[in-house]
Amino acid sequence: MMKRLCILSLLIFAAIWLGGSADASQAGLIAVSEPRVWFTVGGYQVRDDDLWVAGTAVLCCVACGVLGCFLVLRRMSLLGDAISHAILPGLALAFLVTQSRAPLPMLAGAMVVGIATAYLSAGLNRWGRVSEDSAMGVVFTSLFAIGVVMITWVARDVDLDPGCVLYGLIEFTPFDTVTIAGREIPRAFVWLAVVLAVNVGLITVFFKELKLVCFDPGLAATMGISVALVHYGLMTTVAATAVASFESVGSILVVAMLVAPGATAHLLTDRLSRMLWIAGVVAALCAIGGYALAVWINTSVAGMIATVSLGVFIAAALLSPRHGILARRARQLALALRITEEDALCVLYRWHERTTSLDRPGARPIAPEELAASIRSGWLGRVAVWRLARQGFIESREGGLVATASGLAQAAKLVRGHRLWESFLAKHLPLPADHLHAAAHRAEHFLTPTIQAGLDAELPVQTDPHGRPIPPAG
Amino acid sequence: MDDREQMLDQLIRLLTLQDANTRVVLIGTTILGVASAVIGAFAVLRKQALVGDAVAHAALPGICVAFWIVGDRNFAAFMAGALAFGLVAAWFVAVVKSATRIKEDAAIGLAIGGFFGLGIVFSRVIQNDASGNRAGLDSFIFGKAASMVADDARLIAIVAGVVLATVGLLYKEFKVLSFDRAFAESQGWPALWLDLGLMFLICVCTVVGLPAVGVVLMVSLLVIPPAAARFWTEKLGTMVVLSGVFGGLSGMVGTALSATIPAPVSGLTRGWPTGPLITLTAAGIFMISMIAAPSRGLIAGAARRAGLRRRVGRQNLLRRVYEVLEARGDLSRPWTAPDLAPFSERERKSLRDEIGRASRAGLIASTGGAYVLSARGQQAAARVVRTHRLWEIYLITHAGIAADHVDRDADEIEHVLSSEIVAELEARLAEAGRLPIGTPPSPHPSPIATTTP
Numbered sequence: 066m067m068k069r070l071c072i073l074s075l076l077i078f079a080a081i082w083l084g085g086s087a088d089a090s091q092a093g094l095i096a097v098s099e100p101r102v103w104f105t106v107g108g109y110q111v112r113d114d115d116l117w118v119a120g121t122a123v124l125c126c127v128a129c130g131v132l133g134c135f136l137v138l139r140r141m142s143l144l145g146d147a148i149s150h151a152i153l154p155g156l157a158l159a160f161l162v163t164q165s166r167a168p169l170p171m172l173a174g175a176m177v178v179g180i181a182t183a184y185l186s187a188g189l190n191r192w193g194r195v196s197e198d199s200a201m202g203v204v205f206t207s208l209f210a211i212g213v214v215m216i217t218w219v220a221r222d223v224d225l226d227p228g229c230v231l232y233g234l235i236e237f238t239p240f241d242t243v244t245i246a247g248r249e250i251p252r253a254f255v256w257l258a259v260v261l262a263v264n265v266g267l268i269t270v271f272f273k274e275l276k277l278v279c280f281d282p283g284l285a286a287t288m289g290i291s292v293a294l295v296h297y298g299l300m301t302t303v304a305a306t307a308v309a310s311f312e313s314v315g316s317i318l319v320v321a322m323l324v325a326p327g328a329t330a331h332l333l334t335d336r337l338s339r340m341l342w343i344a345g346v347v348a349a350l351c352a353i354g355g356y357a358l359a360v361w362i363n364t365s366v367a368g369m370i371a372t373v374s375l376g377v378f379i380a381a382a383l384l385s386p387r388h389g390i391l392a393r394r395a396r397q398l399a400l401a402l403r404i405t406e407e408d409a410l411c412v413l414y415r416w417h418e419r420t421t422s423l424d425r426p427g428a429r430p431i432a433p434e435e436l437a438a439s440i441r442s443g444w445l446g447r448v449a450v451w452r453l454a455r456q457g458f459i460e461s462r463e464g465g466l467v468a469t470a471s472g473l474a475q476a477a478k479l480v481r482g483h484r485l486w487e488s489f490l491a492k493h494l495p496l497p498a499d500h501l502h503a504a505a506h507r508a509e510h511f512l513t514p515t516i517q518a519g520l521d522a523e524l525p526v527q528t529d530p531h532g533r534p535i536p537p538a539g
Numbered sequence: 127m128d129d130r131e132q133m134l135d136q137l138i139r140l141l142t143l144q145d146a147n148t149r150v151v152l153i154g155t156t157i158l159g160v161a162s163a164v165i166g167a168f169a170v171l172r173k174q175a176l177v178g179d180a181v182a183h184a185a186l187p188g189i190c191v192a193f194w195i196v197g198d199r200n201f202a203a204f205m206a207g208a209l210a211f212g213l214v215a216a217w218f219v220a221v222v223k224s225a226t227r228i229k230e231d232a233a234i235g236l237a238i239g240g241f242f243g244l245g246i247v248f249s250r251v252i253q254n255d256a257s258g259n260r261a262g263l264d265s266f267i268f269g270k271a272a273s274m275v276a277d278d279a280r281l282i283a284i285v286a287g288v289v290l291a292t293v294g295l296l297y298k299e300f301k302v303l304s305f306d307r308a309f310a311e312s313q314g315w316p317a318l319w320l321d322l323g324l325m326f327l328i329c330v331c332t333v334v335g336l337p338a339v340g341v342v343l344m345v346s347l348l349v350i351p352p353a354a355a356r357f358w359t360e361k362l363g364t365m366v367v368l369s370g371v372f373g374g375l376s377g378m379v380g381t382a383l384s385a386t387i388p389a390p391v392s393g394l395t396r397g398w399p400t401g402p403l404i405t406l407t408a409a410g411i412f413m414i415s416m417i418a419a420p421s422r423g424l425i426a427g428a429a430r431r432a433g434l435r436r437r438v439g440r441q442n443l444l445r446r447v448y449e450v451l452e453a454r455g456d457l458s459r460p461w462t463a464p465d466l467a468p469f470s471e472r473e474r475k476s477l478r479d480e481i482g483r484a485s486r487a488g489l490i491a492s493t494g495g496a497y498v499l500s501a502r503g504q505q506a507a508a509r510v511v512r513t514h515r516l517w518e519i520y521l522i523t524h525a526g527i528a529a530d531h532v533d534r535d536a537d538e539i540e541h542v543l544s545s546e547i548v549a550e551l552e553a554r555l556a557e558a559g560r561l562p563i564g565t566p567p568s569p570h571p572s573p574i575a576t577t578t579p
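Chains A and B are the protein sequences, given in the same order. All letters in the first sequence, in the order written, are residues 66 to 539 by the working numbering. All letters in the second sequence, in the order written, are residues 127 to 579 by the working numbering.
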């Protein structure tokens, strides 16, 4: 605990020092005297400014992205949306009070209203019994409306552009610099570096608490962790991050970045620590990719990064190996195919059983249409038959299909499971005999050898309830 | 003419609908408020309120694409583009929610950020591209009700008519869908199509309202009036009607305010923005509802809690007095506050208040420094103690709880045991042959008897 407190206080000191020095030093418009070309991509010369803007975007996106993981897990994603809308009245309020556009009061005002949004919605939800999403809708739209009215009020002698709050001016970050250790560094870059460091520090320090509160609040409470404290701490951090970010990148990018990287990472992994790493990397890639695309087609950087993040999420939702839509669809298809194949083999086995007798050892072939009628028809059935033939389980003969010896052996295992299950059901459940087949037909595909052995030991029978022989094991 | 006179004049002109321009805007916003509040009632109940926000934000890229295709500021094309992208966003939210492990809140956040970002990208490209005719796009983001013309109002009226007629015709279906989707499915109703229909109506309302109130505030018309109406009633029909009334009122009053209040600086052409004033009117109605509504409002809730607290306090006092007097063998004997053995100064004070209230209620009479229970007080105390001990006996006989553990449990529940439950308790205890006659002695050592010699 002591160690954690030490780290935390160090972090806070560092944040205050950096933030303070960033604001104390002379900010101003400085043109980079001799733009240095770092490297060339497709004919485009990447200069200092590009690196600063892209770097600022990366810092902001990663700071929001890692925090967003917890919002996604705690189902608080819309909080970022609500807070970033509610910033507007905070700015207007700060301006009304101080009559200036100094950055610190502006940030403080936005911060106060941002946190108030979180607490007001929680309060409406709790005391007014308004559902969580409606409470948020009521609070942030009302605050935004107040903000627009206040800006109209103060707009007589100041240029506070609501559009600027939405889209941000990340393209202009290199023009507003501070000098740290003899180097010109954009103010937004410094700010966001501090925000990122604080967020990462807080997450590292309180990792265990956050993890418990996200996944098992009940257990967290029994371990003496205050769920409410962690919840409100998270809200406060989100508000602070949103406020610190909006000036340079605009609130729309904050909204996107508080959700998209976390949601993407949530689709790609089941471990929280890995999720945080993935979210950070995804956020950084979105920032760089978005910046490059925006420069390429000459459009808004913040908007492009948000668009790219949505694209990355959609790609993950489709392609994620475990939780992706395509992967799930493929698993379902594979299962459907296996079941169809097994059904076809069983049909052939029963056909063989019915058409062979002692005086006529070779089975009659079954007409393909007849087989198709008793298994899943359509292309899945055709693929199943084709695959069975390729594996050598069935073969064509006299214009029809028959099971080969290996096919019959394979089918015998399935039919054995089917008939054992029927016997089991007949013994233990008061089901009429004509209700057994359907149940066993579904279960036969999932009876492993172990279960079959168990059923065998439980039921010393040679025939199923319908009087048909149960094929021997092996 | 001074400011006040001017304002009054404005108001009169407004209320008599003299000004053709204001008339159009006023009628348009009122109808818009009614329609979106009615459809919003279902959205709020189904916890889909913020899907409207995603739809509104997704309208921006739609409008840009429409501008690209048509190449001009064409209202109908804008609406079509906005509707198309709005539907895509609603569909996106639904698919992400049902087909992945991502929950609805994150899906909505993704749609808001992603689609609006796309809209900004498009609008900047358009701005770079050509004539710079982007002014029309900005008014969609922040809304500009004052520029509403008769055609716009007519469109709003048509959409509102369709929405209200659909809600009227499918009221029963939407109602069941909102409260018990599984039942709707079991009835063989096309629940999915009803879902989509409701979503479509929300989209249409949102898109039509955008030019008037803007992207961010459109959702307030969907959410705030129904949330306010919810405070007043437990019946869906009443809630929908009330929500519509609140929505219409917000639209009307908000527009009237923006037209009447003089602009912050005389000579400034741009007056008060209508959209935010509509939202703030709705927020005002919401606040009043939250505070003052009977039964669900804050005041009613506080009164209910205070009433419960008073009853609990009185019953606790009566039981304490009863236990003291029981140890002395006679309920009519006088007693003093220190007899009740308060633990602390604070408790002494609250006891004094409680005794004062009970005296005013005629349960306690004071006789020169000491108190006696009145006849009514004795009855009430006996009833309270009997309930407490019946519950204790019940816990001991039926729940197998040790005698020295039942006191605290009974303490928590005795105040909320209704007379029906007491009758039921008596029947159960009578069945077990443990029903005492009158007020039974405590089944465990009395704390009073053990602490006071």
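None of these hints come from the bench; they were simulated from the model. Hints are supplied without guarantee of correctness; some may be wrong.
What the hints assert, rightly or not - BS3-like, lysine-lysine: derived pairs with alpha carbons at most 25 angstroms apart:
1) Lys276(A) to Lys270(B)
2) Lys229(B) to Lys276(A)
3) Lys273(A) to Lys229(B)
All figures in this text were calculated on a predicted structure; none of them were measured in a lab.
Output the indices of the hints that this structure fails to meet, ascending.
Of the numbered hints given earlier, the structure breaks just one, which is hint 1.
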